[in-house]
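K.L.:
Go ahead and model the full structure; you've got the sequences and the hints to work with.
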Amino acid sequence: MLLIRCPYCEEERPELEFRNAGEAHIARSADMAATSDDDFEKFFFIRSNPKGIIYERWRHMHGCARFFNAVRDTVSDRFLMTYKAGEPKPAKLPGASK
Amino acid sequence: MIAAFRIPGAGRLKQAETARFSFDGQSYAGVEGDTLASALLANGVHLVGRSFKYHRPRGFLSAGAEEPNALVEIKRDSARKTPNVRATVQELYDGLTAQSQNRWPSLSFDVSAVGDIASPLLSAGFYYKTFMWPKSAWKNLYEPKIRAAAGLGVAPDQPDPDHYSARYAHCDVLVLGGGAAGIASALAAAETGVRVILADEQADFGGSLRFESGAKIDGQDGFAWAQGAVATLKAMDNVRVLSRTTAFGYYAQNFVGLVERVSDHLQNPGRGLPRERLWQVRASRVVLATGAIERHMVFADNDRPGIMLASAARIYLNHYGVAVGRNVGVYTANDSAYAAAIDLKKAGVGVAAIVDLRDNPTGPVIDEARALGIEINFGRAVIRAGGKLRVSSMTVQPKNGGGERTIPVDAILMSAGWTPSVHLFSQSRGKVAFNDETKRFVPGTYAQDCVSVGACNGTDGLSATIDEAYSAGAKAAKEAAVKNAGANAAKGAKPKVDASESWSRGMLGAAPGAGADTTVKAFVDFQNDVTAKDIRQAVHEGMRSIEHVKRFTTNGMATDQGKTSNMHGLAIAAETLGKPIPQVGLTTFRAPYTPVTFGSIVGHARGPLFDPTRKTAIHPWAERQGAVFEDVGQWKRAWYFPKAGEDMHAAVDRECVTVRKTAGLFDASTLGKIEVVGPDAARFMELLYTNPWEKLEPGRCRYGIMLREDGFIYDDGVVGRLAPDRFHVTTTTGGAPRVMNHMEDYLQTEFPHLNVWLTSITEQWAVIAVQGPKSRDIIAPLVEGIDMSDEALPHMSVREGKICGVPTRLFRMSFTGERGFEVNVPADHGQAVWEALWAEGQKHGACAYGTEAMHVLRAEKGYIIVGQDTDGTVTPNDAGLDWAVGKKKTDFVGIRGMARPDLVAKGRKQLVGLKTKDPKVVLEEGAQIVGDPKQAIPMTMIGHVTSSYWSENCGRSIALALVAGGRDRMGETLYVPMPNGTIEVEVTGMVFFDEKGERLNG
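Just so you know, the sequences run in chain order Z and C.
When we follow our numbering, the leftmost residue of the first sequence carries the number 1, and every step to the right adds one.
When we follow our numbering, the leftmost residue of the second sequence carries the number 10001, and every step to the right adds one.
Hints in this document: simulated from the structure, not taken from any laboratory.
There could be a bad hint or two in this list.
Claimed, not checked - Only pairs whose alpha carbons sit at most 35 Å apart, straight line, appear in this in silico DSBU-like list of lysine-lysine: (1) C:K10695 - C:K10887; (2) Z:K84 - C:K10234; (3) Z:K42 - C:K10906; (4) C:K10906 - Z:K89; (5) Z:K92 - C:K10475; (6) C:K10494 - Z:K51; (7) C:K10431 - Z:K42; (8) C:K10579 - C:K10234; (9) C:K10014 - Z:K89; (10) Z:K42 - C:K10889; (11) C:K10920 - C:K10887; (12) C:K10521 - C:K10014; (13) Z:K92 - C:K10478.
Unchecked claim - Footprint (simulated), chain C over chain Z, 3 or more residues, beta carbon under 8 Å: (14) 1 to 13; (15) 34 to 48; (16) 67 to 77.
What the hints assert, rightly or not - Beyond 10 Å from chain Z on every Cβ pair, some chain C residues (computed): (17) R10683; (18) G10699; (19) N10741; (20) V10991.
Virtual Cβ for every residue (Gly too), placed ideally from N, Cα, C.
P.N.:
Okay, structure coming up:
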């Protein structure tokens, strides 16, 4: 069971309290109705599914109920950092190896 | 009376304290503190099981958790039968009843042992090759026969009456393994004041100190030192000591699963005691002190009862006071078996000879053995064991060939060396490294915050072990303390080793007697009956990776997970491939380390506690009325209310007719309810639902549809606007949590600029639907402050006021097509208001109706149920709900998805009504629909039935269906092929009753 740090509660809590909510930083267009088929495909269907660093959304479902973002290594399952929803993709990641 | 092989004065048990037990119906006496294995051996019993594949007679190989052979069934009563219990870890209690397994008719005469004679047919991979054709024979003949012949114990046939508990724990330093290394680490860590947990799988701490007679620490015998040290630890507030506790799994971020066997060793476990306790421990630092496991020698017939690991014989002697024979032979490739011979000899047991594969080893144990007059043969191999149900001799030959000599023995103690137990380290995703000099895999690269100490780290010698373990324990405490704040300097003193034994090296793979040119049965894996020949054969047949060799031969795949066999198997494969061992690779270690019961994993989450049951405020009333309930998610819902003599059909017909004739009361409390509040509430609703909301006047309601971004229907429900900034949203019963999550997701992440609060109010409001022509007459006398006239309270409106003196949100709405109301009252008042309405209803001949009648009534009107008539691929247009999509809206969730080419293409499946040509025939929900019943099979399906009922109000059956191009097929005849014939149906509109909707005001 993973330990996840909720950036709102500022606590490391067990995975049981959280729910994954898919890849992060996929912006919904402000003019959704005018989106082209190709752009809609990219927005709705295409996900990066990387081996390595993934930026993803989590919700502290059984805690503060807030959605937030996390950076996780899909190989080691290690969380590199978490940050609040709406904050930009971090430019620098803390030490990925251990 | 003392048992025949118990040596008076030997061992640590109080031999006067006897415990009676039975094995295969025969009664024996053991001693308190025995394991079932030591007690049987004390009585001279070696034959305890039959092997998995060949049904060969088997005895005890070991004295611990690695035991592959001695699996028995322990029976407490008819429900408490535990199969596949390792007799070497089952502690004896007075009255214990055990049975051997996998034999018929008896252990000493087993007819299936012909498998042994027919074994050339059962070689590696035999089931992949032999039982292929004909295909049908696999299911009917081969599989049942193989399953009957192979296998181990029999699963219990009754529910488990025991209970199992679970605990979560946190600590700074978790020490796994309570031998010399683990105890030293725990002492060092505990003295700094950090929180320490020390766990060991045995009843007694000490690990190998239980048999190492040569160990002296702090001036005491090693075992006595261990007991003293553990007593010290137990007395400390910051230390938890767990015995009989196996760490079975090492998971992410130092999360370790342990199982504590709480009462399996007790004669009369109190009712209050769980059988086992699952510990889920999160540790800042983990110290792995899991020791090493001795390997057997691989030679012909090395599985005969009486042949066992040298260390096992020492534990039986030095701890339990039991001699494993009267005239034992020793076969070894390292020093540690000499100590077994010396201990036994000193205890008065005859040692026929030591056979040592090495050429000219020297050392103190060899000198001591020689001084005791034990015959030692260097450079020789045991090429075969005699005897069948018990070993009777060993045949010795110079390892490079030459004259044979047969020595009579009644036991053979063997040691090929020691394998570090890197299981938990490997489970932590650490990478092992092969030490070419010592020929063993030891921890290499660490993946988590843990450290290995002692034998599991490849550290030889007690002194080096204690040094390493003590400093690792102190370091782990310091590191954990930096993280968790606060640790003192260690105040204790490092234990001082005064005398120790050394275990040097050994060998891997097959010994000369089972060398490459032989086909004898020299077992590598006892539990799965894998021989050296099988592994060579797997390589010859093309297996190159150890992972393939493992699966082809099943080496290491039994419940012991290859604790004794993996290294031998790997070495034989490497030798056959002509490659160095590290290039062939080690198979992956996976949890659990030893088998874990389902009970301990499940814990309390069974029966009524498996999942919460949700009941409405009105549930007790419905129960008193004799309602039949159905499960809807976690909810219990009244399904129908049968009167005396009524079956479900009759009850539902009566309920449906009564609602349309007079009125009915329905408990709709399970509806999901969410309050959307705030200055931007209407803007938020515009974005989450297809409908327009800005212009909906307070006091009015609207049927809303929620889509996912892909344009498919996600949920629906009636929404009432209570005030400009307040919406009372209802959702489907099952959809409430996901709708709430969906709303929160958009509010928090896509539309955070909107000033809105979302509150789940499902449990706060009880909902009583009163539907039917008399509904207003029933409600009106109880209502205060709400004008109930059609002008003041038209269809699809909502008012706040009081009913029976309590606050209500009174909705005028209908899910039946009749004049109808939904009375929301605070849940605490739900039952009282229901009873008041019921009393009023009685005056008018109203009934209570359940979910089945609700379904029929709504289907008569063509009202859909999301999740029944839709399935996640249905758009509003498909469902005929285009009218509910705001045409002028520029954005809502799903607006773009809904416009995708495939979702607006012609020929999509659309929701329509179906009438069977024979009105008495009721279609099956889920039945497939075809256009031409005479076409060849497989037919082209053009749709399926989503809802189907008998409608007493219509006097016929009715159905809803999703049919390709359905709305263009009105009046067409379609066909529903069923096993008993094809049913003709006519495509119709979705409304079967009161097409004009006049009854809403009727």
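K.L.:
Are the hints correct? Go through all of them and say.
P.N.:
Going through the hints against the structure:
1. Proximity of C:K10695 to C:K10887 is assessed by CA-CA distance (about 14 Å); at most 35 Å being required, the pair is judged to hold.
2. For the hint pairing Z:K84 with C:K10234, the CA-to-CA distance comes to about 44 Å; that exceeds 35 Å, so the pair is violated.
3. Proximity of Z:K42 to C:K10906 is assessed by CA-CA distance (about 25 Å); at most 35 Å being required, the pair is judged to hold.
4. Between the alpha carbons of C:K10906 and Z:K89 the distance comes to roughly 43 Å, so the proposed pair goes past 35 Å and is violated.
5. About 31 Å separates the Cα atoms of Z:K92 and C:K10475, which keeps this hinted pair within 35 Å; it holds.
6. Restraint check for C:K10494 and Z:K51: not satisfied, since their Cα atoms lie roughly 46 Å apart, outside the 35 Å limit.
7. Pair hint C:K10431 plus Z:K42 does not hold up; C-alpha atoms about 39 Å apart against a cutoff of 35 Å.
8. Of the supplied pair hints, the one linking C:K10579 and C:K10234 is violated, its CA atoms being roughly 50 Å apart against a limit of 35 Å.
9. At most 35 Å may separate the alpha-carbon atoms for a hinted pair to count; C:K10014 and Z:K89 exceed this at roughly 68 Å.
10. Taken as a hint, the Z:K42 and C:K10889 pair is honoured in the structure, with Cα atoms around 24 Å apart against an allowance of 35 Å.
11. The suggested pairing of C:K10920 with C:K10887 is violated, with an alpha-carbon distance near 42 Å, which exceeds 35 Å.
12. Proximity of C:K10521 to C:K10014 is assessed by CA-CA distance (about 41 Å); at most 35 Å being required, the pair is judged violated.
13. Only pairs whose Cα atoms come within 35 Å are accepted, and Z:K92 paired with C:K10478 is accepted, the gap being roughly 30 Å.
14. Only residues whose beta carbon comes within less than 8 Å of a beta carbon in chain C count, and the region 1 to 13 of chain Z has 3; three or more means the coverage holds.
15. For the region 34 to 48 of chain Z, the proposed coverage by chain C is satisfied: 4 residues have a C-beta within less than 8 Å of a C-beta in that chain, meeting the threshold of three.
16. Under the rule that three or more residues need a Cβ within less than 8 Å of chain C, the assignment of the region 67 to 77 of chain Z holds, with 3 such residues.
17. Annotated as non-interface, C:R10683 keeps its C-beta farther than 10 Å from every C-beta of chain Z; the closest such distance is 14 Å.
18. The beta carbon of C:G10699 is kept farther than 10 Å from every beta carbon of chain Z, the shortest such distance being approximately 31 Å.
19. With a minimum CB-CB distance of about 7 Å to chain Z, C:N10741 fails to clear the 10 Å threshold, and the non-interface call is violated.
20. Annotated as non-interface, C:V10991 keeps its C-beta farther than 10 Å from every C-beta of chain Z; the closest such distance is 32 Å.
This entry does not satisfy hints 2, 4, 6, 7, 8, 9, 11, 12, 19, going by the numbered hints stated previously.
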